[in-house]
Every structure is written in structure tokens, then in C-alpha cells.
Amino acid sequence: MDIGGMFSALTGQGGVKIDIRLTPQSGVHAVPMEHYPSWKLHRNPFWRVKHPNATKPASIAPALGPYGEMQQQEQLYSYESHQDIAGVVTLQLAPGKKVEHLGIKVQFIGRIDTGFGLNEGRPRYDFISLSKELAPPGILYQPTIQIPFMFRNMDKEHESYRGRNVAVRYFVKVVMDRKFLPPLKKEHDVWVQVIGRPPTHNEAIKMEVGIEDCLHIEFQYERRIYHLHDTILGKIHFLLVRIKIKHMELAVIRRETSGEGMSNAMQGQAANANGDTTQNVFTETQTLVKYEIMDGAPVKGEVIPVRLSLRGIPADLTPTFAAVNNRFSVRYYLNLVLVDEEDRRYFKQQEIILWRDQLG
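Take the position in the sequence shown, starting the count at 1, then add 30; the result is the number in the working numbering.
No wet-lab data here; the hints were simulated from the structure. Beta carbons are placed, not taken as given, at the ideal position from N, Cα and C, and that holds for glycine. Treat the hints with care, since some could be wrong.
As the list claims (entries may be wrong) - Pairwise CB distance ranges (calculated):
| # | residue 1 | residue 2 | range |
| --- | --- | --- | --- |
| 1 | Lys320 | Ser161 | 42 to 52 Å |
| 2 | Asp243 | Asp325 | 18 to 28 Å |
| 3 | Ala234 | Arg154 | 35 to 45 Å |
| 4 | Arg374 | Lys320 | 33 to 43 Å |
| 5 | Pro125 | His259 | 48 to 58 Å |
| 6 | Pro178 | Glu110 | 20 to 30 Å |
| 7 | Gln250 | Val369 | 14 to 24 Å |
| 8 | Lys265 | Lys320 | 18 to 28 Å |
| 9 | Gln250 | His59 | 29 to 39 Å |
| 10 | Asn356 | Ile235 | 25 to 35 Å |
| 11 | Lys209 | Leu160 | 24 to 34 Å |
| 12 | Lys276 | Arg154 | 21 to 31 Å |
| 13 | Lys320 | Ile235 | 13 to 23 Å |
| 14 | Lys162 | Glu130 | 18 to 28 Å |
From just these sequences and the hints, can you work out the full model?
Below, the structure is given as C-alpha cells:
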């Protein structure tokens with residue numbers, strides 16, 4: 031009795047190997063991704079400074095998949111939301127072997143996953159689920175079989191996202207059903223990005239903050255809405271200074287809110303009988319970058335310029351997500367902090383809106 035062969039058949043580690051390769055069609059502007067985007071900060075904050083125009087196509091996938099499974103390296107492409115998804119499924123048989131199957135199908139799935147150990151209830155929600163038959167039941171004899179596929183006219187409304195507690199994932203999945211054995215499965219991620227439009231109105235931000243008879247500061251930022259490669263410009267006016275300020279910092283903060291009760295909490299409605307709107311809402315706040323923009327005590331009438339390039343932030347910025355399927359939101363804030371000589375901190379946060387102007 032061939033125990034090794036039986037184990038390989040049961041675990042899918044023999045007989046046939048399934049590979050999926052995406053092949054963007056002519057007229058489809060798909061961009062090879064440099065890396066697999068995620069919520070984590072880049073290890074080298076000066077990477078983009080050294081490589082401002084890097085276009086190196088990367089066959090980089092995470093060592094762990096979106097759900098913790100081990101994955102091999104694969105080419106990751108970024109598609110616009112309206113583009114078709116085409117590719118080729120390759121079936122490789124062991125030399126001299128044949129494989130009997132009950133049908134082979136390819137699926138395209140769009141999924142919101144909140145199953146990261148925090149959220150209760152329904153951890154996954156599939157908002158797209160399409161399936162096509164690649165081969166009817168039969169027997170495979172050829173050592174290598176290639177089958178093309180294409181999914182057309184799909185409305186991929188949500189942008190791909192891989193956050194701390196939630197993810198939006200698109201992937202192609204091939205399933206080979208077998209008699210008396212578990213089906214063989216293979217997945218390949220597809221990264222979808224939604225190109226926005228320039229805002230018709232983009233008002234300036236003007237705020238005043240202070241402590242009575244001690245401190246009065248006016249903040250001005252040229253705009254409220256920025257694309258992901260934009261530069262934030264502004265000024266800080268010191269109208270009254272009667273405390274000794276040691277230095278001033280400007281930070282960009284990302285806040286991810288997820289959970290089934292998120293929409294109720296945002297609207298200030300009661301989520302349960304106790305009036306707790308945050309029972310099933312989880313918030314992760316992450317400082318993406320922090321700069322010291324002033325060192326030393328300012329004087330009355332002094333103006334401090336602000337210039338911050340979003341492209342230089344060592345993180346994968348995303349557009350602002352207001353409420354994706356009422357399951358999560360991602361927002362960005364400018365956080366200005368003043369520290370006096372007694373290490374007391376005075377801060378002011380202002381939300382900014384980000385939108386995507388290009389793939390990548």
C-alpha cells in the first residue's frame with residue numbers, strides 16, 4: 031500500500047499542481063505593485079527619498095496570506111475598479127500520472143474580512159462572488175494544461191485594503207473537485223484601486239486655538255483635500271505667547287474604525303439598551319510620520335511655515351474611506367503638538383481628506 035501516495039492525495043501535495051497567472055489584456059492599464067500594501071510602516075523611512083521614481087515590478091507577496099496562511103511569492107497587479115480581470119490557469123501533472131476530477135471552476139471573489147480575532151459575529155462578507163466552469167468532469171492526461179479565463183464588466187466598488195483589524199480583498203480562486211477526496215484549491219490576489227476625481231471645491235483650513243491670556247495661535251492650511259502624492263502647505267501664526275514653548279511637532283495620524291456597530295456610533299445612536307455605542311467598535315490609531323517643525327521659543331507675531339510631502343511618508347497611504355459597507359472607515363488627521371519647558375503638551379487635530387489620483 032502506497033502510504034505516501036495516499037497522504038499526498040489527501041493533502042493535495044501530489045498528482046496535480048495549480049498555478050494562476052494574471053495576464054492584463056491590451057488596453058487594460060494594470061500596474062505591477064512594488065510590494066504587498068498593508069497598514070505596517072516601512073522599515074526604512076528614507077526609501078522613497080532614495081528611490082523617488084521607483085517602478086521596479088515586484089513579485090512580492092506576504093510570507094503570511096491575508097488570513098494567516100503561508101503563500102508563495104506571486105506577481106501582484108493593481109487594477110482600476112472598472113477593468114476586466116484575465117489570466118491563465120496552469121495545471122501541471124506529475125510525470126506519468128493521470129488525475130480524475132469532478133469539474134474545475136474559477137471564481138472571482140470580493141471580500142470584506144473582519145475575522146482578525148476582535149470582531150464578533152459574521153467575520154467575512156462576500157460582496158462579489160462570480161464563478162465560471164473551466165472544465166467538465168473528466169480525466170487529465172497531459173502533463174501541462176493551460177486554460178484561459180476572463181471576468182468582464184464587474185463593478186468593484188471598494189478599494190483593496192489591508193488594515194490592522196479589517197481587510198478588503200479581491201482574489202481569483204480555482205477549485206478542482208475530486209471524488210472521495212477534498213477539493214484542490216488555489217488563490218491569487220488582485221489589488222483594486224479606485225481613481226478619484228479632483229474636488230470642485232477645496233476650501234482652506236483656518237483654526238484658532240489658545241489658552242486665555244497665555245497662548246493664542248492661528249493655523250492655516252491651503253487646502254483640506256489632497257491626493258496621495260500631494261504636498262501639504264500651511265502657516266502657523268503666533269498671535270499671543272506668554273508661555274515658554276520648547277518645540278513644536280507635526281504628525282500625520284491614521285485612524286481605522288471597524289465593527290458592526292460602527293455606523294451607529296458615528297451617528298451617535300444607541301447600539302444597545304445600555305446606550306453603549308462602542309461595544310462592537312474597534313479603533314486603531316497609528317502615527318505614520320512625525321516631524322519637528324520648530325525648535326525654541328517663538329515670539330508674538332512670528333510665522334512658522336509648514337511643508338509636508340505625503341509621498342515621503344513611510345507608509346502605504348490609502349484614500350479616506352468614510353464608511354465601507356458600514357463596516358469600517360479609515361481617516362487621516364494632522365496633529366500639531368506644542369511642548370513647553372515643563373513638558374506640558376498642547377495639541378490640535380484637523381482631519382484631511384485623501385483621494386487617489388493614479389494607480390500604484
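Cross-check of the supplied hints:
1. Between Lys320 and Ser161 the C-beta distance comes to about 47 Å, which sits within the given range of 42 to 52 Å.
2. At roughly 26 Å, the beta carbons of Asp243 and Asp325 sit within the given window of 18 to 28 Å.
3. Separation of Ala234 from Arg154 is about 42 Å and conforms to the stated range, judged on CB atoms against 35 to 45 Å.
4. For the hinted restraint 33 to 43 Å between Arg374 and Lys320, the CB-CB distance of approximately 18 Å leaves it violated.
5. The hint said 48 to 58 Å for the Cβ distance between Pro125 and His259, and at roughly 51 Å that hint holds.
6. At about 21 Å, the beta-carbon gap between Pro178 and Glu110 stays in the expected band of 20 to 30 Å.
7. For the pair Gln250 and Val369, the beta carbons lie near 21 Å from each other, so the given range of 14 to 24 Å is met.
8. The hinted window of 18 to 28 Å between Lys265 and Lys320 holds, with their beta carbons roughly 19 Å apart.
9. Remark: the range hint 29 to 39 Å for Gln250 to His59 is upheld by a beta-carbon distance near 38 Å.
10. Checked against the hint of 25 to 35 Å, the pair Asn356 and Ile235 passes, with Cβ atoms roughly 28 Å apart.
11. Evaluation of the 24 to 34 Å hint for Lys209 and Leu160 yields a pass: the beta carbon distance comes to about 26 Å.
12. Our hint of 21 to 31 Å for Lys276 and Arg154 is violated, since their Cβ atoms are close to 49 Å apart.
13. Take Lys320 and Ile235: their Cβ atoms lie about 19 Å apart, and the range 13 to 23 Å holds.
14. Checking the proposed 18 to 28 Å range against Lys162 and Glu130 shows it holds: the Cβ atoms sit about 21 Å from each other.
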